[in-house]
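Asks: Build the full structure now, drawing on both the sequences and the hints.
Residues per chain are reported as follows:
Number of protein chains: 2
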Amino acid sequence: MDKVKVYVEANKDRFIKELFDLLRIPSISAQSEHRPDMQRCAEFLAAALVEAGADRAEVMPTAGNPVVYAEKIIDPKARTVLVYGHYDVMPVDPRGEWRTDPFEPVLRDGRIWGRGADDDKGQLWMHAKAFEAMCATDSLPCNVKFMLEGEEEIGSASLYDFCRTHRKLLKADIILVSDTSMLSMQTPSITCGLRGLAYMEVEVTGPDKDLHSGLFGGAVANPANVLTRLVAGLIDADGRVTIPGFYDDVRELTPAERRAFNRAPFSLAAYKKSLKIGDVEGEAGYTTLERTGVRPSLDVNGIWGGYTGEGTKTVIPSKASAKISMRLVPNQDFRKISKLFERHFKAIAPRSVKVCVKSLHGGMPYVSPTDMPAYKAAERAVAEVFGRKPLPFYSGGSIPIISGFESILGIKSLLIGFGLAEDAIHSPNESFGLEQFERGLATIPLFYKYFAQSR
Amino acid sequence: MDKVKVYVEANKDRFIKELFDLLRIPSISAQSEHRPDMQRCAEFLAAALVEAGADRAEVMPTAGNPVVYAEKIIDPKARTVLVYGHYDVMPVDPRGEWRTDPFEPVLRDGRIWGRGADDDKGQLWMHAKAFEAMCATDSLPCNVKFMLEGEEEIGSASLYDFCRTHRKLLKADIILVSDTSMLSMQTPSITCGLRGLAYMEVEVTGPDKDLHSGLFGGAVANPANVLTRLVAGLIDADGRVTIPGFYDDVRELTPAERRAFNRAPFSLAAYKKSLKIGDVEGEAGYTTLERTGVRPSLDVNGIWGGYTGEGTKTVIPSKASAKISMRLVPNQDFRKISKLFERHFKAIAPRSVKVCVKSLHGGMPYVSPTDMPAYKAAERAVAEVFGRKPLPFYSGGSIPIISGFESILGIKSLLIGFGLAEDAIHSPNESFGLEQFERGLATIPLFYKYFAQSR
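Chains as they are written, first to last, in our numbering: chain Z, 1 to 455; chain C, 1001 to 1455.
What the hints contain is simulated information worked out from the structure, not anything from laboratory work. Just so it is clear, the structure is predicted and the values come from calculations on it, not from any experiment. Hints are not guaranteed to be accurate.
Said to hold, decoys possible - Quick list of in silico lysine-lysine cross-link-like pairs, DSS-like style, CA-CA up to 30 Å: (1) Z:Lys273 with C:Lys1209; (2) C:Lys1171 with C:Lys1412; (3) Z:Lys354 with C:Lys1171.
Replies: Structure, rendered in structure tokens:
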């Protein structure tokens, strides 16, 4: 492997410079005005992968944003790794809270700052550059395929169809994904569980126009008041979701599993301090690790209605809305949960208002087995680079398409992410540590080596 | 009075044309970018009042928006009427719901459409033009003073000081105000009660930055969820405000008063139909008329937090906020209620969040006696123009400064408004019927006549 290390060392400044070019493209999938940026970003990546050594790379259109597909086949009989990543990023608001422009990346304090620095441009770039290093040094031990999508942050809608259409093209032994985090640099971990997601939007409509809150206040149901009542009622005093049937399919951990799970290093005091909160809050009877790792949750992601500008306006708004998402755990099905939510929300709405409930997107929870060859290879590679065997970890996050890969392509995914909680993905001032980037670059070729050997 | 009628008839097209010029000035007091428009609007009015016949008119600076003062003294021994009105208007959002530009007034279906058409530019213009007609025909029977402010919609903060400073200048026998509505053209009414107002803003802060709702959801208190819980908890299942002490000073009507009050013509079916609502909602045990007229209320005027754009963002927002106002009735004191609100809201907030509570503005409830000479004169004038004796009516709205006039200047106000519910004040597509404008113009000179005679 020394050749690879030498190559990486000699070229890593250029790798970062190229990553900055990628980060400069504002590929926000949630906002339609960025549609041209999605295409531009896909073309950038296809060109970069050919440059890195791919036999071919294509920007393949879908009903939504294009998928970048690339491959290098060294031997039809060798193991095949399908690298999955996404080039779309989250919106940047509140923009005013960014210390520097989200799309003008900077290096500061040993970290790369910018939207997508970690999630997922920084992480997919480690794979592109590890691939380049292996190609350039003639040490690629597996066939490699890349599938980079532009809709992960909005539910990967088009990728399901893409997978259905291209089953043969995407044939592989493992899907390799770096879109998750480790516990810390001192406690490396590999994600073996992801929560599912059911993302809803609700709109409560009262009178057909905004009303004067003096003339009508007290007699007409205020949609904003009603919305707070309906949303507040979705969680009870024990922190449990009140939607009938919500917990029916939740797999409860055995006492032994719970003990093992809670053995992961975790300091509640440090957790509270890092978030500057006075206390945590969640489902009664579960630890913080359990609440995010193996229990479902319900969060308001956005809420709006009425006058939100400067000063005052004495109005009863005609409408009020909220975006509400639920994280799901095995064996909850997002389609069933979305339906239960919709039925419940409509059932609890009073006759004084109309409610509209939409499912915006969803995905299934996922469990990655720790006894498959890819996991073993990754465990060995991480141990070699980090000096410590990684812990299997249940993340609270969701990558809905991962369970889709299994059901459509029949291929398991290995979730080997190099992010850290401090990277602030989805938040202002997202960043990615240079050390994380470099350790990822060092770990990936070792994974290929051990995975090829595990045949 | 025929001279006045003839003058009005001959000039009313010009009156409307001039009103359009006034309506074109976007004098939104809540938005600081409109500061120059406030000055421009005040200057327009001062010039118009001199033109109409005032001995003098001045744009008098305050700490906020200027006050327009004008007067015509016919005889130091004659009765003096102080006309109060406001030239500031409400914000126009949601702007997309206006059928025509809010600041480009149009005449359509016998109505004037535009922001301020009723509230209060259209109504104060009736007074300016009735004054012009009386001056021009040499038939003004009282001394007249005008005091037009530019901060009514944001709490009249500067006018309190203005009144304290100019007690002598403002000396009058009655304050004449057209900033309210009638029950209908068939059922004219004079407002004899106004609710008070306590307008608050609350901000709930959880983690110090937006968080990924997958990684933290279920373990960290979400400020948007907490906000819905806290706000929903301010009203109980009976529609009563839960703030301790909130009802302590509320004057309960006697059974006889309640019977009399509920004799006003009111159709619940027509009310629901006009607002396109399936049902009304309010404090248990009270009628709709009582709920808006003599009972206090609590409304969310605006709520916001997290991602409110297109599509989805899986975020736990760092902050969520709401604007909440309470309408007050005799003998509630807005200062006491604001303090009770603040204390309660802080008390119910969990340790997992910080809350910040601000009082944005407030005003006292007001009762106008029906046995004072000005009321009797107005009753007679309205009966003559509308063909029916007006009902005394308790409005749910607030004009906080009215109780201020009484406490600072020691002068009662007569609330003779010519608005209608359908005018949609504070809403998109505000309008004012030409017939309302003309009946106001006809009523005002009669009021002056009968009020002068009542000496």
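Asks: Which hints from the list above does the structure break, by number from lowest to highest?
Replies: Number 3 - this is the single hint that the structure violates.
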